[in-house]
Amino acid sequence: MVSPSDLTDSAPAPAAAPAKTSRPESGDELPRIVPRRNVGRLLAAAVALSLFALLVDSVVRNQAFQWDVVGAHFTSAAVLDGLLLTLWLTGVVMVLGFLLGIPLAVMRLSANPVLSTLSWGYVWVFRSTPLLVQLLLWFNIGALYPTLGLGIPFGPQFVTVKTVNLLGPALTAVIGLTLHEAAYAAEVVRGGILSVDAGQTEAAQALGIGRARALRRIVVPQAMRSIVPTAGNMLIGTLKGTSIVSVLAVHDLLYSVQLVYNQTYQVIPLLLVATLWYIAVTTVLSVGQFYVERHYARGATRVLPPTPLQRLRGRLAAYRHSLRSLSNY
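In my numbering, the protein residues as written are 4 to 332.
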């Protein structure tokens with residue numbers, strides 16, 4: 004039999020009342036997270052800015068720089084003509100260098116031992132010889148080959164021309180710089196091709212795509228991510244390296260400046276003119292290189308690298324946020 008006490012014990016206990024959650028009153032606020040102040044970083048920035056200000060002040064206020072002379076000759080006709088020749092020489096050498104370097108890179112990667120050996124030998128010779136020596140050799144090519152002819156090998160010549168009248172200073176500079184740049188361009192292209200995974204070529208062959216077409220349509224577009232940065236450095240190096248043709252009396256930017264200060268004896272201001280033009284052109288090329296690299300980075304990264312304007316906006320926003328945090332603290 005069930006006793007009343009058993010019924011009492013088996014009865015379910017009343018549900019406990021839900022505990023009241025404590026809520027912050029209207030006057031309470033959550034603790035604010037304030038970034039820690041980095042005193043060492045601020046001191047380092049202050050010291051760097053102070054040194055930079057001293058450097059700028061010494062350059063601006065130093066009368067030996069003769070900034071009025073720099074401004075007078077910066078856009079003179081002689082300097083602009085030399086600048087145009089420098090830009091023309093840089094563009095021609097880079098285009099011809101890569102047109103010759105691409106076949107050399109393909110030959111270097113070829114399974115044919117003759118082609119790969121010849122390509123390796125070309126790169127070895129022109130990378131091992133100083134550029135100035137190469138230019139002087141081409142300038143004095145008439146001492147080695149007084150005449151060049153076209154005809155039957157080891158037979159009669161149908162057309163002959165004297166090399167003394169054939170190669171002038173400008174043409175000598177183009178030939179010497181092009182052959183020198185082609186050796187480096189070949190290594191740049193070869194390194195870019197080798198950076199592409201071999202599975203891409205194997206997949207193309209499995210689909211029945213020929214080797215030449217796979218190289219042109221699949222491998223080279225992917226290799227451009229590795230080629231463009233080095234090619235951009237080569238372009239800037241070639242721009243500055245064209246100043247060496249002044250030894251051949253080619254009227255480039257440096258030689259034009261030298262002609263002026265040989266007459267006026269204002270060496271430092273005229274060298275500053277050439278320096279400022281080289282800095283200006285190099286800056287423009289660097290900006291173009293950044294956007295070309297950004298273009299070929301599509302598909303390889305989920306987020307493209309920010310542009311300089313986007314970086315500036317981000318830093319300004321972070322600076323404003325830090326100021327607000329410090330003011331609230």
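Errors might be hidden in some of the hints.
Claimed, not checked - Within a straight-line C-alpha distance of at most 20 Å, the following computed SDA-like cross-link-like pairs (lysine to any residue) qualify:
hint	residue 1	residue 2
1	K243	Q292
2	K243	L275
3	K243	V287
4	K243	V136
5	K243	G291
6	K243	T286
7	K243	L90
8	K165	P149
9	K165	G154
10	K165	I144
11	K243	L99
12	K243	I282
13	K243	P149
14	K165	L139
15	K243	G154
16	K243	V98
17	K243	V199
18	K165	A146
19	K165	I178
20	K243	L262
21	K165	N143
22	K243	L153
23	K165	L153
24	K243	L182
25	K243	F77
26	K243	V177
The set of hints was computed from the structure by calculation and includes no laboratory data.
*Are the Cα positions of K243 and V136 separated by 20 Å at most?*
holds (17 Å)
*Below or equal to 20 Å on CA atoms is what counts here, so check K165 against G154.*
holds (15 Å)
*For the pair supplied as a hint, K165 and P149, confirm whether the alpha-carbon distance does not exceed 20 Å.*
holds (6 Å)
*Taking only the CA atoms, is the gap from K243 to L99 under or equal to 20 Å?*
Distance ~17 Å between K243 and L99 Cα, so the pair holds.
*asked:* What's the verdict on K243 and F77, does the C-alpha distance respect the 20 Å limit or exceed it?
replied: holds (18 Å)
_Pair hint K165 and I144, alpha-carbon separation not exceeding 20 Å_ = holds (10 Å)
*Restraint check for K243 with L182, where alpha carbons must lie at most 20 Å apart*: holds (17 Å)
*Below or equal to 20 Å on CA atoms is what counts here, so check K243 against V98.*
holds (16 Å)
*Are the Cα atoms of K165 and A146 separated by 20 Å or less?*
holds (11 Å)
_Satisfaction of hint between L153 and K243, Cα-Cα up to 20 Å_ = violated (36 Å)
*For the pair we were handed, K243 and T286, check the Cα-Cα distance against 20 Å.*
holds (12 Å)
*Keeping to a limit of 20 Å between CA atoms, is the pair of K243 and Q292 held or broken?*
holds (16 Å)
The structure fails hints 13, 15, 17, 22 (numbered hints given earlier, in ascending order).
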